[in-house]
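Student: Residues per chain are reported as follows:
There are 4 protein chains.
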Amino acid sequence: MTAQKVASVFEKKYQGVGRMLISCPDRSGIVAAVSRFLYENGANILQSDQYTQDPEGGRFFIRIEFYKEDLESTVDHLRREFMSIADEFEMDWRITLASRPKKMVIFASKEDHCLRELLWNWQAGDLNADITMVISNHDDSRELVESLGIPYHHLPVTADTKLEVEKKQRELMEGNTDFIVLARYMQILSPYFIEHYRNQVINIHHSFLPAFIGGKPYNQAYERGVKIIGATAHYVTEDLDAGPIIEQNVSRVSHRDNVEDLKKEGRHIERIVLARAVLWHVEDRILVHKNKTVVFT
Amino acid sequence: MTAQKVASVFEKKYQGVGRMLISCPDRSGIVAAVSRFLYENGANILQSDQYTQDPEGGRFFIRIEFYKEDLESTVDHLRREFMSIADEFEMDWRITLASRPKKMVIFASKEDHCLRELLWNWQAGDLNADITMVISNHDDSRELVESLGIPYHHLPVTADTKLEVEKKQRELMEGNTDFIVLARYMQILSPYFIEHYRNQVINIHHSFLPAFIGGKPYNQAYERGVKIIGATAHYVTEDLDAGPIIEQNVSRVSHRDNVEDLKKEGRHIERIVLARAVLWHVEDRILVHKNKTVVFT
Amino acid sequence: MTAQKVASVFEKKYQGVGRMLISCPDRSGIVAAVSRFLYENGANILQSDQYTQDPEGGRFFIRIEFYKEDLESTVDHLRREFMSIADEFEMDWRITLASRPKKMVIFASKEDHCLRELLWNWQAGDLNADITMVISNHDDSRELVESLGIPYHHLPVTADTKLEVEKKQRELMEGNTDFIVLARYMQILSPYFIEHYRNQVINIHHSFLPAFIGGKPYNQAYERGVKIIGATAHYVTEDLDAGPIIEQNVSRVSHRDNVEDLKKEGRHIERIVLARAVLWHVEDRILVHKNKTVVFT
Amino acid sequence: MTAQKVASVFEKKYQGVGRMLISCPDRSGIVAAVSRFLYENGANILQSDQYTQDPEGGRFFIRIEFYKEDLESTVDHLRREFMSIADEFEMDWRITLASRPKKMVIFASKEDHCLRELLWNWQAGDLNADITMVISNHDDSRELVESLGIPYHHLPVTADTKLEVEKKQRELMEGNTDFIVLARYMQILSPYFIEHYRNQVINIHHSFLPAFIGGKPYNQAYERGVKIIGATAHYVTEDLDAGPIIEQNVSRVSHRDNVEDLKKEGRHIERIVLARAVLWHVEDRILVHKNKTVVFT
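Protein chains in written order, with numbering that gives the first Met the number 0: chain L, 0 to 296; chain P, 0 to 296; chain S, 0 to 296; chain B, 0 to 296.
Just so you know, these hints were derived from the structure itself, not from any lab. Warning: the hint list may mix true and false statements.
[As the list claims (entries may be wrong)] List time: in silico DSBU-like cross-link candidates among lysine-lysine, alpha-carbon distance up to 35 Å:
# : chain 1 : residue 1 : chain 2 : residue 2
1 : B       : Lys-291   : L       : Lys-263
2 : L       : Lys-109   : L       : Lys-289
3 : S       : Lys-289   : B       : Lys-67
4 : S       : Lys-11    : S       : Lys-161
5 : P       : Lys-11    : B       : Lys-109
6 : P       : Lys-109   : P       : Lys-67
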């Protein structure tokens, strides 16, 4: 499908569908207040997931998917109306339109399996995203990306030019970016960059974190003789490979597998794990609290 | 742990905790009505899961775990109060006390791995159940069962005595039974028996249903040369092996595995699958609708 | 990578590497005879896997990967020399060159996820195959396939033209085909066609066989309320969906998943299962005996 | 089954079955020499698995299961005969009798789920071992163990008495021990003890190593917010939690699971992983080289 077609499919499928994400200190009456608010505003709850970290004095999280006939034109009014409840319960909250595609930027490098998986899922109509650009420090994937009508920016990085390149990246992304996916980008971003896109940069680490932090995890896994390898999708923070984990998966290996075999098998896991994390982000299924995620699947 | 100790642990852990299970035609305002009801009756929602089969004209399912200080002594009042809401929305519903152990009867036969797993989980304090008796058509497990202070009834079955034996079984269970677990019991129950305990008899079938319905599933699996075997826990209905599926799991096998190997590996899967289904039943996590289950895990 | 580059990578990687696949009645001395033969002919065993179906009077299977310096130019001589041992032990056998790519034809239809996965693995250099053509009853994937330099033949099929189309297909494939992959082709092949390519046609069935044989397996799975779905790669035989199983895999689903969700999740499983089966076929890891496979992974 | 019955089942099942385990520098002719040796000594190969770490100058590993009619009475002769081949190829090797049960000592502590699993598998006739004793630093499992006719030694440990207790343990085990299983023993053994039982002490670590080395791994896992937890069976070395890994497995968890939930789920994984590692050890399926295992399953 083309970008236009993908967008129109989701626009139709999700017309009138909204998502409400709330996190606040737990106390009595939250669900009653929120569900009454929705009911009185003509919104019908389609799905609701909630979680309380600890019944006594803990934190409360809820994700509600609802339908309201004319939501697209009335959502701002709804948000304003909700503010008094939000204040009363000290809520962190947002209401999003499911029909509105998120602007997604992909950072890629030489290894293109994660990039391909994302493009594929998007093209298959599984991902309500508008891929506004692909930025890569290599030029290898230009043809693949441009053939889908997506702009491709080749920005090589060296130790010396890192900050300068980041500046260019931010300029390119300005106004075009809801979130960023590091599809095996392999470059460490500056704290400044990370701060700017807090909880909006998803990375795929090619190990089952926290095992094998840092470089060459498959070599480390081979040396240690593990019987299972894995991959981890997480939000990027200043601490390398230590951000909130979104999703992990694993695959069984054996003594027969050398480093190359681990990498090959690993690519399958990485693809699946990253794709799932991106889908959940796009569908507003993830709430971050401290260094952990609450994922309502 | 002894039966008494298990009971007292759960009594303390779950004091004041109630569970509300509702299924009804979907329409606006259900959650608002229910959550207001709980709020106004001094109950705090601990967890809530809901599911709508189909937003338009479908069926709505919800499971709410709540805390209310003096619930054990006021639950009947709460139930009476709820009736007007239940009527308004045409609800199938129940409110249960999490602190009250369910009376569980285990039917066993010669192969005791599933029986052992259940006894073990119960003894480890994972299962808030009162195992009121074990009924077996063999006498092999008497010592194991009686050593835990649980009554053991040896009732051999033949084609001729089947109905007579069922009568005895029902007499033994009368007043002592909330649900029954067929822990590889291997005898087909009469429609009369099944009707009497509708959605209260859990069976473990030693295949990944609907593959290999009927007898000797591991032999069938071996003949077919499958690369994965499985087990299925389901509620028993008049149609053999066709009742609502509660849980399934699988394990990888290869050409090297003969029928004995499949059985051995299968025993591990059966144990895990049955134990999980029983736990979910005990924790009121399963709603049955037509021939399917909604499991809120 | 281009086709040429893929070929050259494998040519170099596998220079001198041969594979010996044998199945014969089990008796004493087989391994001794074969390994002495290889030793005396200057071949070094790299890997060896064997399996005996049943020690007493059963069938013996072995796969040996060996290295012999000038194998490519001497393999015919080696084959002739081996004949006397093969006769003595009544062996079904073959010796293949690992460096020689297999000629692979892909049959595709509208749903292209399996086609894409194969093209991708091939392009990533994971598959030592020469994809000589893609045949599809739809024209949708032409651009994708031709952009990789692979011929694309659009041959629509109706009930009336089936045999005629098969004739064209066989003409196109004549001399260009070592094996065929049905990448969700969805058309039933004639017994004549199947007979012609015995154990050389790999199909992906979108269920965990033998559950849900026939059409619309995800609809069947939804109706039955299974908690796990799967996919099965098998060699095609005259009996629909009943051929020797090569590989299966599964994924967990829940009551929340409707038929569309099952299909979406299923596509991931199908891709992985089919890709693995094709890889094993390409690497001569599969021996078929009666209606089962021995897979030496 | 009783100990006597278990032993007699295996004695019958495995009469005449031997296992040959070899590791040596790789070179031409090893398989030819070994298979000719077996053939000439009237032994028929039942199964054979081999692995070469690296074809050029690497290490070669093989495990052969064979049948020889009067093996039990002639095995010493066979061993003597094999010495010249072993010397020629610089082999580390052993020939074992499959019918001879291994003497197994279990070290346990308060948490008994791993102990129970091992006893159960043994009792079910899955494990050809002679459990000569259970040593525990708590007295809780005495009844369970003694009811099966297995001696139980209660040896409490404190920081001060550690070495003294180890001395007692070694005295008790003297002549009664082929290998030791630490079934969640939770005490660190002295280097002296470990040296004495090199590659003969199997431990279960309650995390997916190398993640969460050291104490309280489930607490660590909870803090880190992982989405999958695991367990690892390994041979014990001087480096805590760093010995050769035998087997690992994992299970999916979510934000809903607190530390107690992780422990509960973890117990299931630990049981399965440890049981599998013990079975493989008993069946001579594990070869240790440097800090890794080759496991022929």
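Student: Now tell me if each hint is right for this structure.
Tutor: Tested hints:
At most 35 Å may separate the alpha-carbon atoms for a hinted pair to count; B/Lys-291 and L/Lys-263 meet this at roughly 21 Å. Between L/Lys-109 and L/Lys-289, the direct Cα distance comes to roughly 33 Å. Compliance with the 35 Å bound is thereby established for this hinted pair. Between S/Lys-289 and B/Lys-67 the CA atoms are separated by roughly 30 Å; this keeps the pair inside 35 Å, and the hint holds. The straight-line distance between the Cα atoms of S/Lys-11 and S/Lys-161 is roughly 42 Å, outside the 35 Å bound, and the hint therefore fails.
Distance hint between P/Lys-11 and B/Lys-109 is fulfilled; the C-alpha atoms sit about 23 Å from each other, no more than 35 Å. For the hint pairing P/Lys-109 with P/Lys-67, the CA-to-CA distance comes to about 45 Å; that exceeds 35 Å, so the pair is violated.
Of the numbered hints stated above, those contradicted by the structure are hints 4, 6, listed in ascending order.
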